[in-house]
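Using the sequences and the hints given, assemble the complete structure.
2 protein chains.
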Amino acid sequence: MIKIVEVGPRDGLQNEKTILTTEDKFEFISLLSQSGLKTIEITSFVKSDAIPQMSDAVALFTKVEAGLRNTKINLPCLVPNLKGYETARSLGVKEIALFSATSDAFTKKNVNATIDETFERMKDVAAQAIKDNVRIRGYISTAFGCPYQGKMDVKKLLEVTQKFFDLGVYEVSVGDTIGVATPSQVKSYIKELKKNFEVEKLAMHFHDTRGMALTNIYVSLEEGITTFDSSAGGLGGCPYAKGATGNVATEDVWYLLQSLGLETGIDIEKLALASKFILEKVKRNTESKFLKAYFNTGKV
Amino acid sequence: MIKIVEVGPRDGLQNEKTILTTEDKFEFISLLSQSGLKTIEITSFVKSDAIPQMSDAVALFTKVEAGLRNTKINLPCLVPNLKGYETARSLGVKEIALFSATSDAFTKKNVNATIDETFERMKDVAAQAIKDNVRIRGYISTAFGCPYQGKMDVKKLLEVTQKFFDLGVYEVSVGDTIGVATPSQVKSYIKELKKNFEVEKLAMHFHDTRGMALTNIYVSLEEGITTFDSSAGGLGGCPYAKGATGNVATEDVWYLLQSLGLETGIDIEKLALASKFILEKVKRNTESKFLKAYFNTGKV
Numbered sequence: 000m001i002k003i004v005e006v007g008p009r010d011g012l013q014n015e016k017t018i019l020t021t022e023d024k025f026e027f028i029s030l031l032s033q034s035g036l037k038t039i040e041i042t043s044f045v046k047s048d049a050i051p052q053m054s055d056a057v058a059l060f061t062k063v064e065a066g067l068r069n070t071k072i073n074l075p076c077l078v079p080n081l082k083g084y085e086t087a088r089s090l091g092v093k094e095i096a097l098f099s100a101t102s103d104a105f106t107k108k109n110v111n112a113t114i115d116e117t118f119e120r121m122k123d124v125a126a127q128a129i130k131d132n133v134r135i136r137g138y139i140s141t142a143f144g145c146p147y148q149g150k151m152d153v154k155k156l157l158e159v160t161q162k163f164f165d166l167g168v169y170e171v172s173v174g175d176t177i178g179v180a181t182p183s184q185v186k187s188y189i190k191e192l193k194k195n196f197e198v199e200k201l202a203m204h205f206h207d208t209r210g211m212a213l214t215n216i217y218v219s220l221e222e223g224i225t226t227f228d229s230s231a232g233g234l235g236g237c238p239y240a241k242g243a244t245g246n247v248a249t250e251d252v253w254y255l256l257q258s259l260g261l262e263t264g265i266d267i268e269k270l271a272l273a274s275k276f277i278l279e280k281v282k283r284n285t286e287s288k289f290l291k292a293y294f295n296t297g298k299v
Numbered sequence: 000m001i002k003i004v005e006v007g008p009r010d011g012l013q014n015e016k017t018i019l020t021t022e023d024k025f026e027f028i029s030l031l032s033q034s035g036l037k038t039i040e041i042t043s044f045v046k047s048d049a050i051p052q053m054s055d056a057v058a059l060f061t062k063v064e065a066g067l068r069n070t071k072i073n074l075p076c077l078v079p080n081l082k083g084y085e086t087a088r089s090l091g092v093k094e095i096a097l098f099s100a101t102s103d104a105f106t107k108k109n110v111n112a113t114i115d116e117t118f119e120r121m122k123d124v125a126a127q128a129i130k131d132n133v134r135i136r137g138y139i140s141t142a143f144g145c146p147y148q149g150k151m152d153v154k155k156l157l158e159v160t161q162k163f164f165d166l167g168v169y170e171v172s173v174g175d176t177i178g179v180a181t182p183s184q185v186k187s188y189i190k191e192l193k194k195n196f197e198v199e200k201l202a203m204h205f206h207d208t209r210g211m212a213l214t215n216i217y218v219s220l221e222e223g224i225t226t227f228d229s230s231a232g233g234l235g236g237c238p239y240a241k242g243a244t245g246n247v248a249t250e251d252v253w254y255l256l257q258s259l260g261l262e263t264g265i266d267i268e269k270l271a272l273a274s275k276f277i278l279e280k281v282k283r284n285t286e287s288k289f290l291k292a293y294f295n296t297g298k299v
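Those protein sequences? They're chains A and B, same order as listed. Mapping of the first sequence onto numbering that gives the first Met the number 0: position 31 corresponds to residue 30, and the numbering continues sequentially without gaps. Mapping of the second sequence onto numbering that gives the first Met the number 0: position 232 corresponds to residue 231, and the numbering continues sequentially without gaps.
Don't read these hints as lab results, they were simulated from the structure. All clues given are correct.
Identical chains share a label here; the pair holds if one copy fits it or two copies do between them.
List of simulated lysine to any residue pairs, SDA-like, C-alpha gap at most 20 angstroms:
#1 Lys186 x Glu222
#2 Lys190 x Glu221
#3 Lys162 x Asn80
#4 Lys190 x Ser258
#5 Lys186 x Leu259
#6 Lys186 x Leu220
#7 Lys186 x Glu221
#8 Lys16 x Asn295
#9 Lys186 x Gly223
#10 Lys298 x Gln148
#11 Lys150 x Gln257
#12 Lys275 x Val299
#13 Lys150 x Gly297
#14 Lys37 x Arg134
#15 Lys193 x Leu157
#16 Lys150 x Val299
#17 Lys190 x Glu158
#18 Lys122 x Asp103
#19 Lys193 x Glu170
#20 Lys150 x Ser258
#21 Lys298 x Tyr147
#22 Lys2 x Glu222
#23 Lys107 x Arg120
#24 Lys200 x Glu170
Structure, rendered in structure tokens:
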């Protein structure tokens with residue numbers, strides 16, 4: 000059994016230029032919830048001017064919480080700071096995601112802080128969340144490479160992973176933010192991670208920028224990884240913008256996993272309906288070859 | 000060292016709707032020849048009404064032979080029958096490719112013959128080629144699945160592979176014609192093939208219809224395969240036509256191989272120039288994610 004963390008509504012949509020209504024996002028999440036996905040990251044409680052696509056976090060979370068209360072689906076939200084956490088918490092969030100990176104240049108550019116400073120900021124959030132019995136997941140960006148610093152060392156990844164577990168996260172998601180990881184790199188980095196951490200507490204988060212995501216997932220599976228982040232339809236980033244491409248498509252991950260005899264609990268037809276809906280809303284075609292073939296032939 | 004058999008000018012272009020001039024095809028092949036590729040399949044000596052894109056085989060081969068005579072590049076051509084062979088031979092061809100499949104429904108549809116009948120036809124061609132000291136390569140279509148018969152059994156693949164070696168081919172290319180092969184299937188079929196044939200005499204030929212080609216290549220490498228067929232830019236088949244998609248892109252294969260420390264002799268910048276040229280001529284974007292990223296960023 001493999002755990003899929005669907006990040007389409009958050010990581011996917013925040014990189015799409017077309018701003019959607021709360022109603023459309025809710026419909027997308029609602030369709031996703033019917034596909035058998037057990038974890039759907041739904042939004043990010045950032046300042047409303049920081050990421051316009053996420054500016055309706057309060058309204059969206061409220062709607063989703065009300066609509067999906069009776070499902071057992073896990074609905075984490077990203078929080079950038081204590082203020083974001085408090086808002087999320089006041090709405091009843093049960094799991095949050097915190098984030099940092101292995102590159103100071105990247106965190107500087109993204110949140111105007113060094114890596115150490117991001118952990119300083121997260122300390123209070125994590126402490127409060129633990130007190131509130133809210134689960135915490137940690138995201139590490141640029142684990143394999145950074146747009147500003149180039150290839151990233153595994154040592155830094157080990158350090159930052161440790162920092163996250165020290166905060167009290169239950170899982171660390173290792174992110175290939177710009178899609179530069181290659182199978183041999185992934186294999187060797189996971190081998191190092193496994194020397195220091197339990198493999199069950201590690202998730203892999205690939206972007207398919209250079210077409211390596213599925214092979215990277217394949218070698219991750221060989222190394223014992225059982226949790227992967229992905230976006231329905233491969234949402235995220237216009238394929239024609241410089242270096243900006245989406246998460247690996249959940250459908251691609253499903254297709255690989257089922258071919259290997261691994262279970263995800265996903266109903267692919269229902270998942271494809273959710274992707275079809277959202278792709279029409281963001282007005283673009285999927286980058287997933289499996290999904291294209293499925294849309295073209297109507298068959299898996 | 001991995002051998003790449005560039006099939007863009009033949010398998011790629013024959014599935015493109017835009018009919019090109021002989022001059023453009025020659026320019027494409029000429030650009031490919033500058034990229035370090037050592038084997039380029041350039042055309043098919045079919046009847047001129049069978050595949051319009053290949054109707055200039057005589058003119059193209061003549062031009063290529065004259066232009067690239069002084070390179071050491073291997074320039075095989077597909078031949079469907081003795082007549083095609085004799086034409087090719089009269090022009091000085093040094094290597095031919097013959098083809099069959101593992102599905103009678105497929106060969107019936109394609110060349111109006113059963114598998115056995117295709118081998119009957121090929122017998123005379125092969126005998127003559129051997130007499131002429133012309134090397135022969137064998138293509139097996141639908142090795143993993145057929146559009147008419149569904150999933151194909153490995154037994155049939157073993158049988159047809161044996162038939163090809165009995166003809167005297169030096170190498171058999173195992174083709175996933177419609178891009179339905181999955182990594183576990185590829186692994187298990189190669190394991191069976193290896194029990195009966197030398198792995199050095201086997202090549203894998205993947206189409207990336209469902210995004211599995213690179214992972215399939217990865218597992219093929221694990222099984223000891225050292226020869227792969229691919230098309231520059233991922234030529235072949237309009238991505239929007241039902242079930243018709245291209246060969247795995249040579250650039251994708253290169254990117255995977257170099258990341259694993261495997262040599263191909265390819266200069267990626269020069270190869271990308273050839274792909275850019277031909278993609279403009281057939282008026283479409285590449286389906287290769289690596290190549291898209293390369294075109295967008297100008298960096299590998």
